[in-house]
Amino acid sequence: MKSNYIFILVLLTLFSFSANAHSTSESQAEKALQTANELLAKTIVAGHQWNTIKPLIDQSKKALQAKDFNNAISLANEAIDQSKLALMQAESEKTNWLYSLPK
Amino acid sequence: MATPEQDKQTFQNFYSERFPNIALEDFTDGVYALDQDARSQWEAMSDFPPYEDDLELGEELYNTAFKNGQHYASCFENEGDNIRQNYPRFDIDRGMVVTLELAINECRTNNGEEALAYKQGDIAKISAYMASTSEGSLINVTIPDNAKALSAYEAGKQYFYSKRGQLNFSCANCHVQNVGRKARSETLSPALGHTSHFPVYRLAWGSLGTLHKRFDACNKQVRAQPLDGQSEAYRNLEYFLTYMNNGLPINGPASRK
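These protein sequences, in sequence, are chains A and B. Here the first sequence stands for residues 0 to 102, numbered as in numbering that gives the first Met the number 0. Here the second sequence stands for residues 0 to 256, numbered as in numbering that gives the first Met the number 0.
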């Protein structure tokens, strides 16, 4: 009888951890998506939006809706990385474009 | 900082020195001025230009009265005949570049009609007809003595030379620095002459398209996000690029692969 109580207690603990991990992943995915959207907006303002970024965000949103949180985070992070590169490009081209002028 | 006129001289000299056997006006044939094989195929296709029907439709549309009885001709100098070479122009009152396609749509809305969708369709047909009335006229885009006009020109220039997209290419990387070289199987065309022959019937599109549609295609190729038709950035780019083509004859509409 006592062993049954222990077994149920272990199950409840595991379930609690699992639910907690689930909500953590979901919030991480939502946070990553929010960051991805914010950075995408910055690339648009900078005039250097890449056409590869929005599709990643769209895919990430779909993954989030399907509760595939790991995939959603991965896709959002890829969008974040690309936006950061686009912003670096925008920054460097503020002056580097002058080196392309024909002589 | 170089003046627009100095920029134009440097730009045109670059191509003359790079291709000493090609006359300046022949750059209006684009890649067909550089690639003889491609030119032969293009000339054969030009016996029956694929844009001919659209050109006729464009003339018909141009001459069709609006609901208020007015015509496109009422909106343009010289009734719209032989004016393509003067566009884009800078509107000092509004402080912005006005392309021919924008002027066509403004003509419509000022006469109570709905604006046409940009980049292709009826607007390209009407623009093609108007371009055809300018055949042989020399491009004569002006930059008035106005800070905003110069700023628009400089913005277009910066766009042209700035790398963009995931592939990190500028317009100039292909059409200046690598002009005449191959990108896969395609010869890269000279930017000199690019604006002389639009709208263009591209076999890849299966229809007439405007210069801004072509800008879209280039942006997609370097994985940059294309802009809206008649966006400020595209209008400024067209302003710069057409100024670089000053003195070349209008030969649009034309066909391309």
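Think of the hints as simulated: they come from the structure by calculation, not from any bench. There's no promise every hint is true.
Taking beta-carbon pairs under 7 Å as the criterion, some of the chain A residues facing chain B (in silico) [as the list claims (entries may be wrong)]:
#1 Tyr-4
#2 Asn-36
#3 Glu-37
#4 His-47
#5 Gln-48
#6 Thr-51
#7 Trp-96
#8 Ser-99
#9 Pro-101
Here are the simulated DSSO-like cross-link-like pairs (lysine-lysine), alpha carbons at most 30 Å apart as the crow flies [to be verified]:
#10 B/Lys-256 x A/Lys-83
#11 A/Lys-41 x B/Lys-7
#12 A/Lys-102 x B/Lys-66
#13 A/Lys-41 x A/Lys-102
#14 B/Lys-147 x A/Lys-41
#15 B/Lys-219 x B/Lys-256
#16 A/Lys-83 x A/Lys-93
#17 A/Lys-93 x B/Lys-181
#18 B/Lys-66 x B/Lys-181
For every residue, glycine included, the Cβ atom is placed at its ideal position computed from N, Cα and C.
The hints, checked one at a time:
Because the closest C-beta pair between A/Tyr-4 and chain B is about 59 Å apart, greater than 7 Å, the hint is violated. Nearest Cβ of chain B to the Cβ of A/Asn-36: about 15 Å, over the 7 Å cut. The hint is violated. Among the interface hints, the one on A/Glu-37 is violated; its C-beta lies about 17 Å from the nearest C-beta in chain B, farther than the 7 Å criterion. Here the hint on A/His-47 is kept, as its CB sits about 6 Å from the closest CB of chain B, short of 7 Å.
Of the supplied interface hints, the one on A/Gln-48 holds, with its beta-carbon coming within about 4 Å of a beta-carbon of chain B, less than 7 Å. Contact between A/Thr-51 and chain B, as hinted, is supported at the beta carbon level, the nearest pair being about 5 Å apart and thus within 7 Å. About 4 Å separates the beta-carbon of A/Trp-96 from the nearest beta-carbon of chain B, less than 7 Å, and the hint is met. For A/Ser-99, the suggested interface contact is upheld, since its CB lies about 4 Å from the closest CB of chain B, less than 7 Å.
Checking A/Pro-101 against chain B by beta carbon gives a least distance of about 4 Å; that is within 7 Å, so the hint holds. Note on B/Lys-256 and A/Lys-83: the hinted pairing is violated, with a Cα-Cα distance of about 36 Å set against a maximum of 30 Å. Taken as a hint, the A/Lys-41 and B/Lys-7 pair is broken in the structure, with Cα atoms around 33 Å apart against an allowance of 30 Å. Proximity of A/Lys-102 to B/Lys-66 is assessed by CA-CA distance (about 53 Å); at most 30 Å being required, the pair is judged violated.
For a cut-off of 30 Å, the pair hint linking A/Lys-41 to A/Lys-102 is broken: about 33 Å separates their Cα positions. Restraint check: the Cα-Cα separation between B/Lys-147 and A/Lys-41 comes to about 25 Å, which is no more than 30 Å; the hinted pair holds. Restraint check for B/Lys-219 and B/Lys-256: the C-alpha separation of about 17 Å stays at or below 30 Å, so the hint holds. Among the hinted pairs, A/Lys-83 with A/Lys-93 is consistent with the structure: their alpha-carbon atoms are about 16 Å apart, no more than 30 Å.
Proximity of A/Lys-93 to B/Lys-181 is assessed by CA-CA distance (about 28 Å); at most 30 Å being required, the pair is judged to hold. For the hint pairing B/Lys-66 with B/Lys-181, the CA-to-CA distance comes to about 50 Å; that exceeds 30 Å, so the pair is violated.
Hints 1, 2, 3, 10, 11, 12, 13, 18 from the earlier list are contradicted by this structure; the remaining hints agree with it.
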